[in-house]
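Residue numbering for the sequence shown follows our numbering, beginning at -9 and increasing consecutively.
Incorrect hints may appear among the rest.
Derived lysine-lysine pairs resembling BS3-like cross-links, with alpha carbons at most 25 Å apart [said to hold, decoys possible]: (1) Lys380 - Lys203; (2) Lys78 - Lys118; (3) Lys118 - Lys380; (4) Lys380 - Lys417; (5) Lys78 - Lys249; (6) Lys203 - Lys78; (7) Lys258 - Lys203; (8) Lys184 - Lys118; (9) Lys114 - Lys380; (10) Lys114 - Lys184.
Label-pair restraints from in silico Cβ distances [claimed, not checked]: (11) Phe293 - Gln26: 18 to 24 Å; (12) Glu115 - Thr195: 31 to 37 Å; (13) Val238 - Ile181: 24 to 30 Å; (14) Pro304 - Ala198: 51 to 57 Å; (15) Phe293 - Gly154: 18 to 24 Å; (16) Thr260 - Val33: 30 to 36 Å; (17) Thr197 - Arg43: 29 to 35 Å; (18) Thr195 - Lys258: 54 to 60 Å; (19) Pro(-7) - Val405: 37 to 43 Å; (20) Ile111 - Val216: 34 to 40 Å.
In short, the hints are calculated from the structure, not lab data. Even for Gly, the Cβ is constructed at its ideal location relative to N, Cα and C.
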Amino acid sequence: MDPIALIFIALAVCLILGIPVAFSIGISVLSFLLYQGYPSPIVMAQRMVDGARSYTMMALPMFIFAGALMAYGSTPRLMRLANMLVSKVPGGLGAATLVTCGFFGAVSGSGVASTAAIGGIVGKEMLKQGYGLGITAGILAGGGVMATLIPPSLVMVIYAASTGVSVGDMFVAGIGPGVFIILLLILMNCIIAKRRNIGSGEIITYTAGDRIKIIADALLPLFLPVLIIGGVISGVLTPTESSVIATVYALFLAVFVYKELTFAKFIKATSESVITSAIILFIISSATPFGWLMATQNVPQIFTQSIINITTNPYMIMAIFFCLLWVLGCFMETICIIILITPILFPIVTSMGVDPIHFGVGMMANLAVGGITPPLSVGLFTACRILNCKIEQTFPDVLYIVAVITVGAIITFMVPEFSLFLVDLLK
């Protein structure tokens, strides 16, 4: 049997059997090493350690912890600000939810955390106002997956660490597409709300004093993404340093400013962050020897030749990659896809002259589509768990959300200027 085929067969079998992704990757790599007669699997352990001890990867657990801490006091204030900003828009609560997801994504960098935090606050209220399960779940999940694009995105940090591109450039490049897709979702929400007469009685009038108070309350949480992104872009802080400062800042707000973080809640936030971080880092560690094998066995070159045999048109090749990433996103977690596929696709796109920053942002947008498309759809499952419903109950309305995000992802993936204009502007 061809050794490369053995890797993918072993990986596919393990995933079908329901074995956790990290173990599935490890088993496939170990199968290859034993089949090839490596005297000792110590090389696998060495590669796993190399994958976990990256300085950039140290930012992941701190960003996750900062997001967990921001749930205490900051999230409701961001929600009130979003409600005020879109109070006169048809379907105001849905629009406010999308805006808040954007705010929260800019704070936590985690799509699932964004969906869970915001969904717990507004999910039931959206159902009361007649949004329906499909639209409600779609808005929560769709707003949540935007955290893959809106900095400081955790998956952007992983992509940057895997490819060696600038984290700061990735953060800047994701702003335009992220805001654009959220605006598309808000437009779609307004159209549906107007046609179905959803939330017609939810308009709230704000006095000048109310507006000033709401904005003032939200300023401190909103300063956090400014601190993170500004520090990284300016070069004053590394991503790891900015993640530590973000955690300290979030802890300060939760304990001393809003005084909502008790010791029990602190332990809960810490334990959840540790578990999430351990899972992500274990997957990254397991995938590092996988990427090493792909490189040593010339898989990118083989894959490149196979693609060239089909077409040499760069746009057609990018379209093939778009479809590949979309399909993978329906069945695998975003982080796993980035770690497994990047070592294969990255050399191909760079050899084609595609800007690595543009490809990275396009990849994030594409994976956002996969993150809300069944059957896996971690974001949609999270929303359904909050709403206490089954995923099939969200059809067909949730497909409107999928379609809108797909349009935004196609534009981002196929038009380099869309993601690079801010990067070029700030250089």
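Taking 24 to 30 Å as the hint, is the beta-carbon distance of valine 238 and isoleucine 181 inside that range?
For isoleucine 181 against valine 238, whose Cβ atoms are near 43 Å apart, the range 24 to 30 Å is violated.
Do the beta carbons of glutamate 115 and threonine 195 sit within 31 to 37 Å of each other?
Given range 31 to 37 Å: violated, Cβ gap about 19 Å.
That 18 to 24 Å hint for phenylalanine 293 and glutamine 26 (C-beta), does it hold up?
Given range 18 to 24 Å: holds, Cβ gap about 20 Å.
What's the verdict on lysine 184 and lysine 118, does the C-alpha distance respect the 25 Å limit or exceed it?
It holds: about 16 Å lies between the C-alpha atoms, which stays within 25 Å.
Is lysine 114 close enough to lysine 184, meaning Cα to Cα at most 25 Å?
holds (20 Å)
CA of lysine 203 to CA of lysine 78, is that 25 Å or under?
holds (19 Å)
Lysine 380 paired with lysine 203 [C-alpha distance capped at 25 Å]:
violated (39 Å)
If you draw a straight line from the CA of lysine 118 to the CA of lysine 380, is it 25 Å or shorter?
holds (18 Å)
Falls inside 29 to 35 Å, the C-beta gap from threonine 197 to arginine 43?
violated (55 Å)
Holds or violated: lysine 78 and lysine 118, Cα atoms, limit 25 Å.
holds (19 Å)
Restraint check for lysine 380 with lysine 417, where alpha carbons must lie at most 25 Å apart:
Not satisfied, since the Cα-Cα distance of roughly 48 Å exceeds 25 Å.
Are threonine 260 and valine 33 spaced within 30 to 36 Å by their CB atoms?
Between threonine 260 and valine 33, where Cβ atoms are some 35 Å apart, the hint holds.
Violation of the numbered hints given earlier is confined to hints 1, 4, 5, 7, 12, 13, 17, 18 and 20; the remaining hints are satisfied by the structure.
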